[in-house]
Amino acid sequence: AQKITQTQPGMFVQEKEAVTLDCTYDTSDPSYGLFWYKQPSSGEMIFLIYQGSYDQQNATEGRYSLNFQKARKSANLVISASQLGDSAMYFCAMKDFYAGGTSYGKLTFGQGTILTVHP
Amino acid sequence: EPEVTQTPSHQVTQMGQEVILRCVPISNHLYFYWYRQILGQKVEFLVSFYNNEISEKSEIFDDQFSVERPDGSNFTLKIRSTKLEDSAMYFCASSEARRDSPIAKNIQYFGAGTRLSVL
Numbered sequence: 001a002q003k004i005t006q007t008q009p010g011m012f013v014q015e016k017e018a019v020t021l022d023c024t025y026d027t028s029d030p031s032y033g034l035f036w037y038k039q040p041s042s043g044e045m046i047f048l049i050y051q052g053s054y055d056q057q058n059a060t061e062g063r064y065s066l067n068f069q070k071a072r073k074s075a076n077l078v079i080s081a082s083q084l085g086d087s088a089m090y091f092c093a094m095k096d097f098y099a100g101g102t103s104y105g106k107l108t109f110g111q112g113t114i115l116t117v118h119p
Numbered sequence: 001e002p003e004v005t006q007t008p009s010h011q012v013t014q015m016g017q018e019v020i021l022r023c024v025p026i027s028n029h030l031y032f033y034w035y036r037q038i039l040g041q042k043v044e045f046l047v048s049f050y051n052n053e054i055s056e057k058s059e060i061f062d063d064q065f066s067v068e069r070p071d072g073s074n075f076t077l078k079i080r081s082t083k084l085e086d087s088a089m090y091f092c093a094s095s096e097a098r099r100d101s102p103i104a105k106n107i108q109y110f111g112a113g114t115r116l117s118v119l
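If you're matching them up, the sequences are chains A and B in order. In terms of the working numbering, the first sequence opens at residue 1 and continues consecutively. In terms of the working numbering, the second sequence opens at residue 1 and continues consecutively.
Hints are computed from structural coordinates only; laboratory data are not their basis. Possibly wrong hints are sitting among the right ones.
[To be verified] Residues from chain B that face chain A, not an exhaustive set, calculated with beta carbons under 8 Å:
id : residue
1  : Val-43
2  : Phe-45
3  : Ser-48
4  : Glu-56
5  : Phe-65
6  : Arg-69
7  : Met-89
8  : Phe-91
9  : Lys-105
10 : Ile-107
11 : Gly-113
All values reported here derive from a predicted model rather than from experimental measurement. Backbone N, C-alpha and C define an ideal beta-carbon position, used for all residues, glycine too.
Please build the complete structure, drawing on both the sequences and the hints.
In structure tokens:
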């Protein structure tokens with residue numbers, strides 16, 4: 001069974017500083033995907049970044065990068081140059097890829113980390 | 001930019017009543033999902049739907065729940081007889097059915113959610 005753990009209930013960062021949000025996972029499937037979503041106070045879930053288990057390089061999307069350490073089963077999100085609008089709940093999620101190579105399965109989410117950016 | 005649309009944004013109902021939550025997935029997507037998030041808790045998978053049938057469901061998705069794609073654009077979640085513990089934010093998500101690689105990302109894009117309050 002898949003499991004996602006986010007050990008930081010809350011994080012604080014100064015505007016323009018970088019921040020790392022931790023995520024560890026557990027799965028027995030050799031093929032899987034890792035995702036980060038942002039949930040602002042308005043409630044919607046916004047996709048941020050994806051990392052595949054066989055990707056050779058760490059994923060980057062603008063100010064977001066994923067520090068993927070496969071042996072340690074961690075997929076930490078790094079936000080560079082934090083902005084006030086980054087204040088939100090951040091969820092790490094994963095999806096096992098079924099035998100046969102399809103990837104249409106469910107996402108399993110962590111508990112989330114509330115990030116507060118101070119001016 | 002295409003988005004997943006959910007209506008209503010907030011639904012208040014009496015215990016025992018039936019509710020239908022509506023979603024319009026992104027138009028070229030073929031996989032549809034419902035998740036729920038009880039206040040303060042993590043997001044939980046309910047059901048996935050493809051080719052007019054359920055492809056996977058969780059233990060939460062019991063006989064009180066059903067899903068339907070009544071036409072080419074809508075995707076609905078029905079709760080037949082609501083209970084107090086059904087109060088939650090319900091998210092619809094959709095993903096495209098990419099087959100351009102054996103480990104396609106198939107990112108799930110979420111709607112803004114429907115907050116269901118059962119009194």
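Each hint tested on the structure:
1. Val-43: holds (4 Å)
2. Phe-45: holds (4 Å)
3. Ser-48: holds (6 Å)
4. Glu-56: Hint holds; Glu-56/B Cβ to chain A Cβ min 6 Å, cut 8 Å.
5. Phe-65: This hint is violated: Phe-65/B lies away from chain A, its Cβ roughly 15 Å from the closest one there, beyond 8 Å.
6. Arg-69: violated (16 Å)
7. Met-89: holds (6 Å)
8. Phe-91: holds (6 Å)
9. Lys-105: With a minimum Cβ separation of about 5 Å from chain A (threshold 8 Å), the hint on Lys-105/B holds.
10. Ile-107: Ile-107/B check passes; min Cβ-Cβ to chain A is 6 Å, inside 8 Å.
11. Gly-113: Check passed: Cβ of Gly-113/B comes within 5 Å of chain A, closer than 8 Å.
Figure legend: structure checked against the earlier numbered hints; hints not met, in rising order: 5 and 6.
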